[in-house]
Amino acid sequence: MSGSAYAIDVTGVTKRFGDKTVVNAIDLRVQRGEIYGFLGPNGSGKTTFIRMLCGLLTPDAGTGTCLGYDVRTQQADIKRHVGYMTQKFSYYEDLTLRENLDFIARLYDVPDRRAAVQRSLERLGLVNRSHQLAGELSGGWKQRLALAACLIHSPQLLLLDEPTAGVDPKARREFWDEIHRLADEGLTVLITTHYMDEAERCHRLAYLAYGNLLAHGTLADVLANGRLTTWTVTGPELITLAAALRGRAGVEQVVAFGTTLHVSGRDAAKLDAAVSAVRSPRHAWKKTSSSLEDVFISLMDQAKDNFA
Amino acid sequence: MRRFTFHRLWAMVLKEFIQMKRDRLTFGMMVGIPLMQLMLFGFAINSDPKHLPTALRIADHGPFARTLVAALRTSGYFNLVTEAATEAEARRLLRLGDVQFVINIPEDFSRQLLRGERPTLLIEADATDPAATGPAISAVRAISDHVLDRDLVGPLARLRAKAGPIDFQIHAHYNPENLTPYNVVPGLMGVVLTMTMVVITALAITRERERGTMENLLATPVRPFEVMLGKIIPYIIVGYLQLTLILLAARVLFDVPMVGSLALIYAVSLLFIAANLAMGITFSTLAKNQLQAVQMAFFFFLPSILLSGFMFPFRGMPEWAQWVGSILPNTHFLRIVRGILLKGNGLAEIAPALWPLLAFLVVAMAVGVKRYRQTLD
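Protein chains in written order, with the working numbering: chain D, 1 to 308; chain E, 1001 to 1377.
Honestly, the hints are just simulated from the structure, not real lab data.
Watch out, some of these pointers could steer you wrong.
Computed from the model, here is a short list of chain D residues facing chain E with C-beta under 7 Å [as the list claims (entries may be wrong)]:
id	residue
1	Y6
2	L56
3	D60
4	T86
5	S90
6	R98
7	E99
8	R201
9	R204
10	Y210
11	V278
12	R282
13	W285
14	I297
15	D301
Pairs of lysine to aspartate or glutamate, EDC-like flavour, derived with a Cα cap of 16 Å [to be verified]:
id	chain 1	residue 1	chain 2	residue 2
16	D	K88	E	E1177
17	E	K1021	D	D77
18	D	K270	E	D1060
19	E	K1288	E	E1177
20	E	K1021	D	D109
21	E	K1343	E	E1215
22	D	K88	E	D1149
23	D	K142	D	D112
24	D	K304	D	D272
25	D	K286	D	D301
Backbone N, C-alpha and C fix where the C-beta goes; we use that ideal spot for every residue, glycine too.
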């Protein structure tokens, strides 16, 4: 392991399947101990990028290191120090929790295996279920098992691919508390998600669409770089108002949130002009800060124009 | 790091055994298939069918005709179930499939015989299935020469069949009584092992891919060779269990002679089992899902039964079929097993059948390992 401050440090990483470029020249640096959120629409290349980081795929172009090991040539070393949690549950449903963990621990040759398995069961509150078959577990418990299994060999980097898809809010919150505890202990975590509230719990974010990295940085950085102006409106007949706003110059998004409407655009002057054209005293208008979701949708629309 | 380690292999083997234990249906198949095939091929199938339903159309009730009919009956091939009064009725019985044979004894059979006119005795057969009629018809030929010798005495002795110019002596070695189980039961070892070994390994690896567990395996430090060997070792043990089961049945139920060395059979079987497992692994690397894996296994299994010499005599096949058959491991294994059990062959005699097995194993294993992807590229 090199003493580099970065757990992941790659430049120009590219992957093509046939003539389709799935990941296009991505540069990424993730500091040790950081929780890094990876966002983007389905099919944006997040999973492919992660697979290149953990040695499952070889990049077609680009160089870099993961935990100080070369992502092109030292894949075997990377595998020993990385914990990878796949999008789909990928442990053995016909093995019990303990048998699954024991199997993985043997594959990594974990020292003092029995104790390690017991510790990981205890840590994630799985002891009472250790003799249950993995196939009988509900989604939340399966996700805990998967997390326990990819932590069993004490990795330095966790790669989590949509770990909370289909998990209830309480289990999701507990999962994130655990992730923060792990990061405190010095583990680096790269996590993909579609949930904005989860994105906001990451130290840093990156947004990927059509294989391109469109934005990255802290939450504040991403919001500021989005350069988005947003108005919120409350009042009667919002649907008519929304129809009147859509299509006007400067109006890029009109989204209903319950009883309020969010109206956003990148060109503040044009947006203000559009708003004054339809503004009436019947509605309460307020300029607010844009949400992360507004920024991401705006980024995706731009990306569609540029790449798709 | 890059090297093979025993603890990872052991992890794979242990996991396979646990999964095998939990999968009752597959386990039942591994024991059930040999038992079922033993029962079917050992007891139900007979290449020398006897007691075939026969109708008699008899117009002469003289002593010669009676002797003839009695001789046909005692041959065991003909079971006289009915008499046909007319030719039309005899035809009908054949057409309906009520009888396999009609024996016609003409009106003046005895008179013509006494006059030395060589009377005709017509046997009509429903020969849609040659295997059913063939042995009975050869029995008739054997009977006809000397059946009347005891009746043709005194002045009639001149009518006896004269000896041909050559005295044929036939010694049927290794299975003088022409018992089907002697041939089929040893052959079943190859068939059962081919069927279960190829299917089970093809499934075992394809299942990992289908359930998504393969991605997880690939992300751990486990090496392709360790995964494969880990999958193969448990099934080698299963293969030996099946082998033992069949050998026991051959001994206890079918009295198959075991002239040669059982140890040699066990030793040679390792090569054969490994060849089939390697084939299964190669299929699993080609198949996209478990269904495809089973379909591919069938493509392998069918020629292994039909062209190997298990069902039909190998030398009776056209040259191209023999050529295809010679590629299949089962063909060589059958020769080895029958050779050891029935003929008492030793290592020197079976050597010519050993190297094709080895060649098959090496090629199948090489293709399998090459096609097994360590990354998802």
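Each hint, compared with the structure:
no., hint, in the structure
1, Y6, "violated, 21 Å"
2, L56, "holds, 5 Å"
3, D60, "violated, 9 Å"
4, T86, "holds, 5 Å"
5, S90, "holds, 4 Å"
6, R98, "violated, 11 Å"
7, E99, "holds, 6 Å"
8, R201, "violated, 25 Å"
9, R204, "violated, 24 Å"
10, Y210, "violated, 21 Å"
11, V278, "violated, 51 Å"
12, R282, "violated, 55 Å"
13, W285, "violated, 50 Å"
14, I297, "violated, 31 Å"
15, D301, "violated, 31 Å"
16, D:K88 to E:E1177, "violated, 62 Å"
17, E:K1021 to D:D77, "violated, 34 Å"
18, D:K270 to E:D1060, "violated, 120 Å"
19, E:K1288 to E:E1177, "violated, 50 Å"
20, E:K1021 to D:D109, "violated, 24 Å"
21, E:K1343 to E:E1215, "violated, 51 Å"
22, D:K88 to E:D1149, "violated, 85 Å"
23, D:K142 to D:D112, "violated, 25 Å"
24, D:K304 to D:D272, "violated, 25 Å"
25, D:K286 to D:D301, "violated, 24 Å"
The structure fails hints 1, 3, 6, 8, 9, 10, 11, 12, 13, 14, 15, 16, 17, 18, 19, 20, 21, 22, 23, 24 and 25 (numbered hints given earlier, in ascending order).
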